[in-house]
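Here are the chains, one letter per residue:
2 protein chains.
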Amino acid sequence: MFDIKQKVGVLGGGQLGLMLLQAAIDWNLNVKILDAADAPCAAIAPEFVEGSLQDYDAVYQFGQDVEVLTIEIEKVNVEALEALEREGKKVFPQPHVIRLIQDKRLQKQFYREYGLPTADFVLTANREDVRNYADFLPAFHKLGKDGYDGKGVQRIASPADFDKAFDAPGLLEKAVDFDKELAVIVARNERGEVATFPTVEMVFHPEANLVEYLFAPADISPEIERQAEELAKKTAQAIGIVGLLAVEMFLTKDGQVLINEVAPRPHNSGHHTIRANFTSQFEQHWRAILDFPLGDTTAYTPAAMVNLLGEEGHTGPAHYEGMEEILATHGVFPFLYGKKITKPFRKMGHITVTDSNLAKLKEKAEWVRGALKVVTK
Amino acid sequence: MFDIKQKVGVLGGGQLGLMLLQAAIDWNLNVKILDAADAPCAAIAPEFVEGSLQDYDAVYQFGQDVEVLTIEIEKVNVEALEALEREGKKVFPQPHVIRLIQDKRLQKQFYREYGLPTADFVLTANREDVRNYADFLPAFHKLGKDGYDGKGVQRIASPADFDKAFDAPGLLEKAVDFDKELAVIVARNERGEVATFPTVEMVFHPEANLVEYLFAPADISPEIERQAEELAKKTAQAIGIVGLLAVEMFLTKDGQVLINEVAPRPHNSGHHTIRANFTSQFEQHWRAILDFPLGDTTAYTPAAMVNLLGEEGHTGPAHYEGMEEILATHGVFPFLYGKKITKPFRKMGHITVTDSNLAKLKEKAEWVRGALKVVTK
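Protein chains in written order, with numbering that gives the first Met the number 0: chain A, 0 to 376; chain B, 0 to 376.
It is worth saying that the hints were derived from the structure and are not from the lab.
Idealized CB from N, CA, C, for every residue including glycine.
There's no promise every hint is true.
[As the list claims (entries may be wrong)] Just some of the chain A residues that point at chain B, by a computed CB distance under 8 Å: (1) Asn27; (2) Lys31; (3) Asp128; (4) Phe277; (5) Tyr299; (6) Pro333; (7) Leu360.
[As the list claims (entries may be wrong)] Once the Cα atoms are required to be at most 25 Å apart in a straight line, the calculated SDA-like pairs of lysine to any residue come out as: (8) A/Lys4 with B/Asn306; (9) B/Lys6 with A/Glu320; (10) A/Lys31 with B/Lys74; (11) A/Lys339 with A/Glu206; (12) B/Lys4 with A/Pro316; (13) A/Lys173 with A/Leu105; (14) B/Lys4 with A/Ala42; (15) A/Lys150 with A/Thr314; (16) B/Lys4 with A/Thr297; (17) B/Lys359 with A/Thr297; (18) B/Lys361 with B/Phe203; (19) A/Lys338 with B/Ile3; (20) A/Lys163 with A/Leu209; (21) B/Lys74 with B/Asp56; (22) B/Lys346 with B/Gln226; (23) B/Lys6 with A/Glu324; (24) A/Lys6 with B/Glu46; (25) A/Lys342 with A/His318; (26) A/Lys89 with A/Gly50.
The shape of chain A in the complex, shown without the other chains:
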């Protein structure tokens, strides 16, 4: 039943919250946000509550007067969400999904158990333990919990790198000889409808381990497209998520599609959908968690997305260099997150680029990367 009066609570008021609020305006949704006072959403949320996402009492209290709760970041107090769920609140994604995704070790075991193809791995207890797997290299050591935005991953190319391993529960994942990194965002609503956005291709920043460029559609065969979308749907159904699931994948050089990681929320790999698809990932998130019919994910134009990262060597109040040229160029759409302070590689915004011509699209995306800079004065 469509009830625009119901109150929805969002844990987290960062840039994803900002874009969720922007989409919520269309339906005049009654949204309340929990986060620290300096969060980007503070000024524009219909209701904003200051508090820590990881504090049991803050989350539990926040959930008291809402009908539906959701998240825009996984690092939240799941115990409080479980208590709210027991008391009859709808919490989407469900607490058990958040728990699964907070722990990369559980995640990988889940893929194995459900026959979802993923890179080979072993669980490791601590740094010492990792040294037992010299024959498993080259590999990536991943922290079980608390990794985010490229942090919590170390490449272990040879035994000489073992010192870089985390001294905490983690997993060692065989390095995949991949051709491309792909992502599919899939939505699933309470009644079990499932819909995928077209597969995108991600190019990572070599140093920051963050998405530097994204291209939609991915340059892959229809058969790989089908496989990637199928894998995303299968994963969403296996997890039983209500909400969005962003599924990052490897396309190996021998043509296999493997799950890398998933995120149970709107994701960096879907920002371009605001400017390139009939339904954005943010609107789709609302549709999924409010049990509305899912929207049309079709793209009306090819698009690229460039993350706007804080310039190296600049820490302090943010200034944007090059906006005039950016705004003068057709098919270039900057989105700024309003973070007061820039730091090297901090995500300060993103730029969506659209062009019906794929070669021009790539050219324009590369130009954009250099044309807009976040610096201190």
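With chain A held as given, fit chain B onto it using these hints.
Below, chain B alone, put in the same frame as chain A:
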């Protein structure tokens, strides 16, 4: 110079303000809104000031700490804006433009003076005066000031209708035997760049005198399209407006394009641009008044727009009937204004419909008109 820190004040926090705020999120604009406490924007404006738009002191005080001032409704205190302009604030559209547009008599005389084609008219002092123009009928009597949303216009078909004329300064305009009603939204920024959105075709509700359906693009020849866009540009340049100008026109049965009325702000005839054009009219408004380069107005899909008017016979707390079916239909995008109380013919929202097939587009628009209703329980 792009400065996202500058504060922009908007007089008015209705549905146009809502859509302006939605567009402002992309660039994290620092927007402050003035309106009554129950205005739709109150909850989501970065800063909201309660006050009357028609009160000199309220508007003057509101303008003190902003760098740029704009409006989303013409009925504002222009004296206060003139004072602020004299003190060096940028006010766009300029107070002289608002003054011109607040008075339909001045507007019509302006068109005549600048050779902008418009329907023949005579100025009338009061109701008695109108009776002198029996040979001018059929005609429309328009109130000089304070008409809005279809109010302030009376059809005078024959002398028997003279009692319906307004007993206030107005103008009597010869009824135009038109084939279609068209509209072009044109933007002009401070540096004088001008850009038009593609011409749209409006179908009015016979009783409420409000746009009932809008189709983009209009079903007109390329030559008429050119004429309509040229007329909009010429008008914007003649007025010297900085901001958006919505130019409503008649296409007469003998192929002439005549200006009907203009509005110096985002307009009902451009709502579909949010879902159908690379730049929306709301983003374009920000670009124009902040002296940014104007955006690409190209449409990526044909679109229709249906105003969601309060159902006849229903006055009270608003409920939305049919949203489930609306949301289940691809290419149908409802936008609700969040007004608590519905009244017959009150604008409660609008629905954008997109389809690459024009026949299906019209079919879908007609279906939408009946499928979604705003009622009281």
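message: Just to be careful, I want the Cα atoms of A/Lys339 and A/Glu206 compared with a cutoff of 25 Å; is the pair within it?
response: Between A/Lys339 and A/Glu206 the Cα gap is close to 24 Å, so the pair holds against 25 Å.
- request: Verify the interface restraint on A/Leu360: the C-beta must sit less than 8 Å from at least one C-beta of chain B.
  value: Violated - the Cβ of A/Leu360 stays beyond 8 Å from chain B, reaching only about 14 Å at its closest.
- request: Would you settle whether the hint for A/Asn27 is holds or violated, based on the nearest Cβ-Cβ distance to chain B being less than 8 Å?
  value: Check passed: Cβ of A/Asn27 comes within 4 Å of chain B, closer than 8 Å.
task: Please work out if B/Lys361 and B/Phe203 have their alpha carbons no farther apart than 25 Å.
output: holds (15 Å)
- request: Decide if the proposed pair is consistent with the structure: B/Lys4 and A/Thr297, CA atoms, cutoff 25 Å inclusive.
  value: The hint is violated at about 36 Å.
- request: So, A/Tyr299 near chain B? Judge it on the closest CB pair being under 8 Å.
  value: Holds: closest Cβ of chain B sits about 5 Å from A/Tyr299, inside 8 Å.
task: With a cut-off of 25 Å on the C-alpha distance, tell me whether B/Lys74 and B/Asp56 pass.
output: holds (15 Å)
message: Need the status of pair A/Lys31, B/Lys74: alpha-carbon distance at most 25 Å?
response: Violated: A/Lys31 and B/Lys74 sit about 33 Å apart, past 25 Å.
query: Regarding the pair B/Lys359 and A/Thr297, is the alpha-carbon distance no greater than 25 Å?
result: Given that 25 Å is the threshold and the Cα spacing comes to 18 Å, the pair holds.
task: Measure nothing beyond the straight line between the CA atoms of A/Lys4 and B/Asn306; if it is 25 Å or shorter, mark the hint as holding.
output: holds (21 Å)
query: Is A/Lys89 within 25 Å of A/Gly50, Cα to Cα?
result: Since the Cα atoms of A/Lys89 and A/Gly50 sit roughly 21 Å apart, the hinted pair holds (cutoff 25 Å).
message: With the threshold set at 25 Å, check whether the alpha-carbon distance from A/Lys6 to B/Glu46 stays at or below it.
response: holds (22 Å)
Consistency note: the structure conflicts with the earlier hints numbered 2, 3, 7, 10, 16 and 22.
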